[in-house]
Amino acid sequence: SQQGEEDPQALSIQEGENATMNCSYKTSINNLQWYRQNSGRGLVHLILIRSNEREKHSGRLRVTLDTSKKSSSLLITASRAADTASYFCAPVVNTGNQFYFGTGTSLTVIP
Amino acid sequence: DTGVSQDPRHKITKRGQNVTFRCDPISEHNRLYWYRQTLGQGPEFLTYFQNEAQLEKSRLLSDRFSAERPKGSFSTLEIQRTEQGDSAMYLCASTVAQGDSYGYTFGSGTRLTVV
Numbered sequence: 040s041q042q043g044e045e046d047p048q049a050l051s052i053q054e055g056e057n058a059t060m061n062c063s064y065k066t067s068i069n070n071l072q073w074y075r076q077n078s079g080r081g082l083v084h085l086i087l088i089r090s091n092e093r094e095k096h097s098g099r100l101r102v103t104l105d106t107s108k109k110s111s112s113l114l115i116t117a118s119r120a121a122d123t124a125s126y127f128c129a130p131v132v133n134t135g136n137q138f139y140f141g142t143g144t145s146l147t148v149i150p
Numbered sequence: 224d225t226g227v228s229q230d231p232r233h234k235i236t237k238r239g240q241n242v243t244f245r246c247d248p249i250s251e252h253n254r255l256y257w258y259r260q261t262l263g264q265g266p267e268f269l270t271y272f273q274n275e276a277q278l279e280k281s282r283l284l285s286d287r288f289s290a291e292r293p294k295g296s297f298s299t300l301e302i303q304r305t306e307q308g309d310s311a312m313y314l315c316a317s318t319v320a321q322g323d324s325y326g327y328t329f330g331s332g333t334r335l336t337v338v
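Note that the protein sequences, when read in sequence, are chains F and A. Taking our numbering, the leading residue of the first sequence gets 40, the next gets one more, and so forth. Taking our numbering, the leading residue of the second sequence gets 224, the next gets one more, and so forth.
Careful, some of the hints might be misleading.
[To be verified] Some but not every residue of chain F turned toward chain A, in silico, with C-beta under 8 Å:
1. SER78
2. LEU82
3. HIS84
4. PHE127
5. VAL132
6. TYR139
7. PHE140
8. THR147
9. PRO150
[Said to hold, decoys possible] Chain F is nowhere near these chain A residues, computed Cβ spacing over 12 Å in every case:
10. GLY308
11. LEU314
12. THR318
13. GLY326
Just so you know, the hints here were simulated from the structure itself, not pulled from any lab data. No residue lacks a Cβ here, since even glycine has one placed at the ideal position from N, Cα and C.
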């Protein structure tokens, strides 16, 4: 299956704390992407990490990729209430091809 | 060009009616995708196009569903004889399918309610 599976399903933290969510997948990939979805809206692309990269940063986001374990993690530092959303990972087998989402991690940041 | 546009944002229809949704991708993107999302679930892949060619259809896309992308620009998704189980958010996304890896840009979706 090309589907990414996020863990945990739900996460609740206080504002200012760090949030870590994980993604596991089963196939070899070209890249892995993380998306955020606010309630009732479309998905927003956050970050893409290629299969030959181990870590990538973008602002308060840090993504790691371990292709030997077929897993990735997304760390959001110094969380804000506005980070409250669902987060999905998308393992991409071939560039431009469709990908399959899991059920996501629902993050709640309490002000 | 500000992103992927979907129209309408909301659609309420009676069971048995036909509905059509439209997606306008980012103009230079040659790949366009349709996903369906129900409450509490992740988006489920339905179909995608490269230019005007429909390259893959999910088993979820029953014969009541049809998608087109004439001229490789905008796309339409039609659902015939709607059923209550079709109630969902329908998401469109686009990307460039060549060169280095790019993220996918999603629209805000069309929420369909079948009553």
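Taking the hints in turn, this is what the structure says about them:
no.: 1; hint: SER78; result: violated (10 Å)
no.: 2; hint: LEU82; result: holds (4 Å)
no.: 3; hint: HIS84; result: holds (3 Å)
no.: 4; hint: PHE127; result: holds (6 Å)
no.: 5; hint: VAL132; result: violated (12 Å)
no.: 6; hint: TYR139; result: holds (6 Å)
no.: 7; hint: PHE140; result: holds (3 Å)
no.: 8; hint: THR147; result: violated (15 Å)
no.: 9; hint: PRO150; result: violated (24 Å)
no.: 10; hint: GLY308; result: holds (19 Å)
no.: 11; hint: LEU314; result: violated (6 Å)
no.: 12; hint: THR318; result: violated (6 Å)
no.: 13; hint: GLY326; result: violated (3 Å)
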